[in-house]
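Visitor: Below, each chain spelled out in residue letters.
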Amino acid sequence: MITCRELISFLADYLEGNLAPTERVAFEEHLGVCPDCVNYVESYKTTHKAIPLAYADENDPAPSEVPEELIQAILEARPKRE
Amino acid sequence: MSTSTCQAGNFADEPTLLAALQGGDDRAYHFLVVTHSPHLLAVSRRFMRNEVDAQDVLQDAFLSAFKALPSFRGDAKLSTWLHSIVVRAALMKLRARKPQWKRELSIDDVLPRFSDGFDHRDNPGPAWRSTVEQELHSKEVCSLVRQAIDRLPEIYRVVVMLRDIDGLDTQETAELLGVTTTVIKTRLHRARMALRELLDPSLAGV
Numbered sequence: 010m011i012t013c014r015e016l017i018s019f020l021a022d023y024l025e026g027n028l029a030p031t032e033r034v035a036f037e038e039h040l041g042v043c044p045d046c047v048n049y050v051e052s053y054k055t056t057h058k059a060i061p062l063a064y065a066d067e068n069d070p071a072p073s074e075v076p077e078e079l080i081q082a083i084l085e086a087r088p089k090r091e
Numbered sequence: 754m755s756t757s758t759c760q761a762g763n764f765a766d767e768p769t770l771l772a773a774l775q776g777g778d779d780r781a782y783h784f785l786v787v788t789h790s791p792h793l794l795a796v797s798r799r800f801m802r803n804e805v806d807a808q809d810v811l812q813d814a815f816l817s818a819f820k821a822l823p824s825f826r827g828d829a830k831l832s833t834w835l836h837s838i839v840v841r842a843a844l845m846k847l848r849a850r851k852p853q854w855k856r857e858l859s860i861d862d863v864l865p866r867f868s869d870g871f872d873h874r875d876n877p878g879p880a881w882r883s884t885v886e887q888e889l890h891s892k893e894v895c896s897l898v899r900q901a902i903d904r905l906p907e908i909y910r911v912v913v914m915l916r917d918i919d920g921l922d923t924q925e926t927a928e929l930l931g932v933t934t935t936v937i938k939t940r941l942h943r944a945r946m947a948l949r950e951l952l953d954p955s956l957a958g959v
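Protein sequence lines correspond, in order, to chains Z and P.
Numbered per the numbering used here, the first sequence spans residues 10 to 91.
Numbered per the numbering used here, the second sequence spans residues 754 to 959.
What the hints contain is simulated information worked out from the structure, not anything from laboratory work.
Treat the hints with caution; some may be incorrect.
[What the hints assert, rightly or not] List of simulated lysine to aspartate or glutamate pairs, DMTMM-like, C-alpha gap at most 20 Å:
| no. | chain 1 | residue 1 | chain 2 | residue 2 |
| --- | --- | --- | --- | --- |
| 1 | P | 892 | P | 953 |
| 2 | Z | 54 | P | 828 |
| 3 | Z | 58 | P | 922 |
| 4 | P | 938 | Z | 15 |
| 5 | Z | 54 | P | 888 |
[Claimed, not checked] Computed list of chain P residues with no C-beta within reach of chain Z, every gap over 12 Å:
| no. | residue |
| --- | --- |
| 6 | 846 |
| 7 | 897 |
| 8 | 925 |
| 9 | 949 |
| 10 | 957 |
Please read these numbers as outputs of a predicted model, since none were measured by experiment.
Glycine included, C-beta positions come from ideal geometry on N, C-alpha and C.
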């Protein structure tokens, strides 16, 4: 059976479905007997979900977040009509 | 013209906006900058962690976009195109900065340790509390996650942002950073493990 260290090193490949069938079986056998690794896998998956959510407000920021002077500086750099 | 007077007007559809931009219409440029700057500045702030640099990156990015506009065919949405230009400008600025490794956390200090001779994890601690999934949208947890990402060494932080926030795939990330896909996969896994460790004290149950 694989060790806890090996399970954690294979975790990303396991979650992405990249393990060979025999490796997957060994991974899941370990999870069947190791509650610490079950907890680790769950918290790793939660971490992965939390990352984009932490920046979700980036998609809907207030226009007032941008200083007017910055807008003007950018506009002054635009190509001018001949 | 003040930003408050900017109206969508005739620029609500992208082909019209693009044609106006390529024709040098001042109102179209104003509309483009006012509409897209809030999101793009937020993206830049996430990479740069410094307001002056974030604003510089936004200016550099728009300058690049203005130069490239004549040859832009509208294959992607303008928002997607501008987002990718900001990310490239931010990466260029980060590369040009002096190395900050002396102030950075060592990733090895926040990876799981296995020292009992049987390859069990040291001090595994309790599971995360059962309500964590519902808390992921809360301001408190979002703030904890942002702080944890900010603590990562830059080479890991950038990979997490490109893959997990900007939504690039492994190949695209590898090309942008000039490394192999294997390096990206390894850095991403190590970064997520490190983030899990950094969040553990706040999210573990009692």
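Visitor: The structure should be examined with respect to each hint, and the outcome stated for every one.
Guide: The hints, checked one at a time:
1. P/892 - P/953: Distance ~17 Å between residue 892 of chain P and residue 953 of chain P Cα, so the pair holds.
2. Z/54 - P/828: 34 Å, violated
3. Z/58 - P/922: 16 Å, holds
4. P/938 - Z/15: The hint holds at about 16 Å.
5. Z/54 - P/888: Between residue 54 of chain Z and residue 888 of chain P the Cα gap is close to 14 Å, so the pair holds against 20 Å.
6. 846: 16 Å, holds
7. 897: 8 Å, violated
8. 925: Consistent with the label, residue 925 of chain P stays out of reach of chain Z, its closest Cβ about 16 Å off (over 12 Å).
9. 949: Violated, because the least Cβ-Cβ distance between residue 949 of chain P and chain Z comes to about 4 Å, which does not exceed 12 Å.
10. 957: 8 Å, violated
Comparing the model with each numbered hint stated earlier shows that hints 2, 7, 9 and 10 do not hold.
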